[in-house]
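J.: The lines below spell out each chain.
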Amino acid sequence: MAVDGVPPIIAAQLNHLLSHSPFSIKVDQMWPGSKKNAWNDRFTLLIPFCLDFIKWDIIYNVESPLAPPDVIFGAEDDKFLPFVLSCDPSKSPMHNLSNWNSKDPSRLLSLILQLRELYSAYQWKRVGGVDDDRVKFEISTMLSREGIEMSLSSGVEKPEEVKFAVPLLDTSINNMVPACPWRQLQKIYLQVIYPIGRKYQSAPSAPRLKLVSTLELKSLFSVEDIKLPTWLNGMCMAEYLPALEETLQMQILEAVSLIGVRRHFIETLSTVFGRPLEADPIFCREATFLVANGVFTFLVHIFIPIHFPKQKPTLILQSSQHFNTQGVPVRSPVMSEYPWSPRWELSEMASRIFDFVVEESSNFKKICNDALQR
Amino acid sequence: MDDLPLQKVTISGPTLSSLINRFASSPSNTQGLLFGKFSLHTSSLSDESPSPSLSPSSLIATITGFISSGNSSGNSSGDLASLLRRTHHRHVIGWFSGRRRSPLRPSLHEFAVSQSLSSESPRVFLLLTTPFNDTQSLIHTHEYRVYHFVRLENSFETTPLDVVNIGPAFRGQYGAFSPNSELPCLPCNFQDAVSYVSGVEELYEKMLAKLDCLATQVEGSSSKVLEMITDTLLRGIVSANIALHYWAVMETFYFKL
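Read top to bottom, the protein sequences are chains A and B.
Each residue of the first sequence is one higher than the one before, starting from 1 at the first, in the working numbering.
Each residue of the second sequence is one higher than the one before, starting from 1 at the first, in the working numbering.
Here chain A stands alone, though its shape is the one from the complex (with noise of 0.2 Å):
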């Protein structure tokens, strides 16, 4: 949401927070709080929690823009409050906020990494009074283990749930892809969610497993590609992450090294095409070159899949001589029906698809003049 109507002081607090924070944080709503003025000095800000959202509402004051913010937090968390101000004085936000110098923009997202943190304290604190020996024990084994956040769920019509998030991988998914673009680490989560309250079963059951990826992640590498391993009656997670863990590790490496083969085949492309207009230097998904047939010119878009050459390339034809009533040129729909082989040469590849163009640009000539017509 684009930060629109915010006095320029907090604007700057709202605006340093949206960029610089390491993860990232969105803004739901903005409202003005005054009576006199229409600038928005209250927003809901939704923030990354336990591969969740927490939802915290900033309240400034126009009357005031100098002054510290107040915080309201979800209605569910109201042993929250306490909960900060009991805190070890040298973690409490408070100081900052008796301290506040509204001259510094970064006050605002340092205040709220401080309650972050802390509600993330909270939350384990929760889960650690739960009176559940299999918790119990997954805590006392994932202690060590870095970044992992837990949270107890518990509404009145749901029984209650532990919630863990569980970073895999040690090493750095961005490291491994050269001239990485991500600002923010890339991560994979396990998400374990442990049903809590039915002491009469004898055998606790499985609990239920979700991959999660960071958002940016998905040009690369797909989670919901991956087979999890079953969870074994008895198992805990420390038996089950390190071979989730080689699972990841493997795919990982065989995404980033499919990056090579199709930097490879755009380089291909363009022995048939000619040098591309426009191509994805980093993960070689997209490519675009400029075709003719004749007087009729085109752009043909080339847009290759993570699991190329498992997966054939989807094309898209676009006129660059015909355009719609609104100015938009015209067109085609997402072509694939192609003959494709994984097993042919990146050569063999390329010179069907431009076969295949070749055949289609008669077609769409014929599309692209009908669209003029109408």
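Quick caveat, the hints were computed from the structure, so don't treat them as lab data.
Treat the hints with care, as some may be off.
Quick look at which bits of chain B chain A covers, simulated, 3 or more residues with Cβ under 8 Å [what the hints assert, rightly or not]:
1. 27-38
2. 94-103
3. 107-116
4. 154-160
Residues from chain B that keep clear of chain A, each with C-beta distances beyond 12 Å, as calculated [stated by the list, open to error]:
5. S17
6. R86
7. E143
8. A209
9. S222
Label pairs and their computed distance ranges (CB to CB) [unchecked claim]:
10. S172/A - S119/B: 48 to 58 Å
11. M235/A - P5/B: 20 to 30 Å
12. R151/B - H95/A: 16 to 26 Å
Idealized CB from N, CA, C, for every residue including glycine.
Since the structure of chain A is already known, use the hints to place chain B on it.
T.: Okay, now just chain B, sitting in the frame of chain A:
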């Protein structure tokens, strides 16, 4: 008395409406102190209750007035503290905070203020908000909730708020609403009041002096008349003239007075 549970908070309709009015007329946020008293509520003993000694009584807080410290700003807890000092903590039972268009639950700031004030004495916290939506189109324009800060547990407890109104159902409670908090100090008008009082006192003193003077005059003339009467009686001559003269003198005196 601090450790007794707070059963409920009562407020009179006019006090609540003036509090809401104060909040509605402020441009943004507002806060201040609540005045009133705590009264002991003893639960009616019945034969059926097995152990009446467990919770024999609780407190009822009655809000009778408030003072607003204007806009709540950065050092607002300082504002409240100085307000508390100015009122000498007398009859302060808690504080209130009004913030427009925000959720109806205590914020970090409000919790911190309640915690730091709880070491003094006030424990009631009244929160006023307006709904998120455009207040022009709403019938329900203000929301409020009362909390009780429990020092031992370091937490807020929602407490019911009784709004006492006119009507037979509330007759028994009228007694509780005689305002018992003093006026907050008004330093700017104090000199005027002092000079007014001394002026009135001076006037009274002058009047008293005049009365004293008159009284001695009357005393003197009365004794003179008495002397004359006894003298005449002794001489055996009773003259109606003298009696007439006496009454004339007395009449003049009363007329003068």
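J.: Determine for every hint whether it applies to the structure shown.
T.: Evaluation of the provided hints:
1. 27-38: holds (count 3)
2. 94-103: holds (count 5)
3. 107-116: The restraint on the region 107-116 of chain B holds, since 7 of its residues have a Cβ under 8 Å from chain A and three suffice.
4. 154-160: holds (count 3)
5. S17: holds, 19 Å
6. R86: holds, 21 Å
7. E143: holds, 14 Å
8. A209: Given a closest Cβ separation of 59 Å, the condition holds.
9. S222: The claim holds: S222/B sits with its nearest Cβ about 77 Å from chain A, beyond 12 Å.
10. S172/A - S119/B: 48 to 58 Å: Holds, since S172/A and S119/B (Cβ atoms, about 49 Å apart) stay within the stated range.
11. M235/A - P5/B: 20 to 30 Å: For M235/A and P5/B the Cβ distance comes to about 48 Å; the hint is violated.
12. R151/B - H95/A: 16 to 26 Å: Holds, since R151/B and H95/A (Cβ atoms, about 23 Å apart) stay within the stated range.
The structure shown violates just one earlier hint, number 11.
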